[in-house]
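Number of protein chains: 2
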Amino acid sequence: MPRILENPKDKILQEGKKILIEKNYAALSIRDVAKASGIGVGTFYNYFSNKDELIESIFIADWVKISDKLDVIACSEEFSLRHKLEYFYKGINEFLKNYMSIFYELTMVKGREKKEDCHMEHIYAATKNILEFHVNKGDLSIKIDIDKYNKLMCQNIIMICREEYISFDELMDIFEIT
Amino acid sequence: MPRILENPKDKILQEGKKILIEKNYAALSIRDVAKASGIGVGTFYNYFSNKDELIESIFIADWVKISDKLDVIACSEEFSLRHKLEYFYKGINEFLKNYMSIFYELTMVKGREKKEDCHMEHIYAATKNILEFHVNKGDLSIKIDIDKYNKLMCQNIIMICREEYISFDELMDIFEIT
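Protein sequence lines, in the order shown, are assigned to chains A and B. Throughout the first sequence, residue numbering follows my numbering, covering 1 to 178 in sequence. Throughout the second sequence, residue numbering follows my numbering, covering 1 to 178 in sequence.
It is worth saying that the hints were derived from the structure and are not from the lab. Among these hints, one or two may not hold up.
[To be verified] Non-contacting residues of chain B with respect to chain A, defined by C-beta distances greater than 10 Å in every case (computed):
no. : residue
1   : Tyr-47
2   : Ser-57
3   : Lys-69
4   : Phe-95
5   : Lys-151
6   : Gln-155
7   : Tyr-165
8   : Phe-175
[What the hints assert, rightly or not] The calculated DMTMM-like cross-link candidates involving lysine to aspartate or glutamate, where the alpha carbons are at most 20 Å apart (straight line), are:
no. : chain 1 : residue 1 : chain 2 : residue 2
9   : A       : Lys-143   : B       : Glu-170
10  : A       : Lys-90    : A       : Asp-32
11  : A       : Lys-23    : A       : Glu-6
12  : B       : Lys-151   : A       : Glu-164
13  : B       : Lys-151   : A       : Asp-173
14  : A       : Lys-148   : B       : Asp-173
Glycine included, each C-beta is placed from N, C-alpha and C at the ideal position.
Produce the entire structure from the sequences given, and follow the hints as far as they go.
In structure tokens form, the structure reads like this:
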């Protein structure tokens, strides 16, 4: 008798992620993901209409986790602003470590898609919360519009994750974040 | 009797640039470039082995102009640091205005190439000269390694040229550049 999974969609995402990271985009097959998830290929299609939809869902699930974690600590009195932004840095770093090569592979296979800004809203909302908290606390003085400052800060953190020529602490020193 | 061009290579670059900007990558033909330059197609191949080599040369020629201009003003006492960096900003802006859509087109046609950092050395050398001059003058205090600071500054300026959500002056205010 086949096992009945509590939440097949989560299981598919979890096993799909493992296979995606171990192998690559080209080598991931729906058959393997279904097998690893203990379901039939037909059941897979109840949840995702194709491989690309699965992969996008894997990305989004992990991406949303970054902002979810930030939301939890945003207004904590325990952590400094620098400490909170370091959580963000580490989250992005982990995400890119897992998926950067897949992004390159996808760009090679499919060309550049005009979706760069998608799913940044959650991140920006979370980091803006953090910045606002510390502005109100008096830890941070921002001379320009907070949304612009926020976007610039996020982009700088993502940039140093991608390029690694400058450390997180060095970036924080330049921006005078304590 | 055909005209004898003083410098056919420069003429090809100049006419190629016009056609590239007016049309796009796909629509540029060697035949048209040769015709506009007043040379035969055969002569074109004395200077460039194919269309891609021409286009790369057009990019490089304009790119090098940016750092050449910076070299001229790097150690000028007349201009402030902010003013010098604004030259850089305007140079990059002009360059991207001309070629951004071509870059996208090339990425779509050829996929992502691993050449992102190429030809940045001239730019970094020029902006580093400028930063060093103003550090020595006492206008600028840098807490981290100057090469890292320089690269971060250049990348931020290029970023705001591409994204335009933040003005040059706002960026300078954040970095406390006067």
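Against the structure, the hints:
1. Tyr-47: Label holds. Min Cβ-Cβ 31 Å, cutoff 10 Å.
2. Ser-57: Holds, because the least Cβ-Cβ distance between Ser-57(B) and chain A comes to about 23 Å, which exceeds 10 Å.
3. Lys-69: The claim holds: Lys-69(B) sits with its nearest Cβ about 25 Å from chain A, beyond 10 Å.
4. Phe-95: Phe-95(B) clear of chain A: closest Cβ-Cβ about 19 Å, beyond 10 Å.
5. Lys-151: violated (6 Å)
6. Gln-155: violated (6 Å)
7. Tyr-165: violated (6 Å)
8. Phe-175: violated (7 Å)
9. Lys-143(A) x Glu-170(B): holds (8 Å)
10. Lys-90(A) x Asp-32(A): Outside the cut-off at roughly 31 Å; violated.
11. Lys-23(A) x Glu-6(A): Roughly 27 Å between the alpha carbons, so the hint for Lys-23(A) and Glu-6(A) is violated.
12. Lys-151(B) x Glu-164(A): Holds: Lys-151(B) and Glu-164(A) sit about 12 Å apart, inside 20 Å.
13. Lys-151(B) x Asp-173(A): holds (15 Å)
14. Lys-148(A) x Asp-173(B): Roughly 12 Å separates the two Cα atoms, so the pair holds.
In this structure, the earlier hints numbered 5, 6, 7, 8, 10 and 11 are contradicted, and the remaining ones agree with it.
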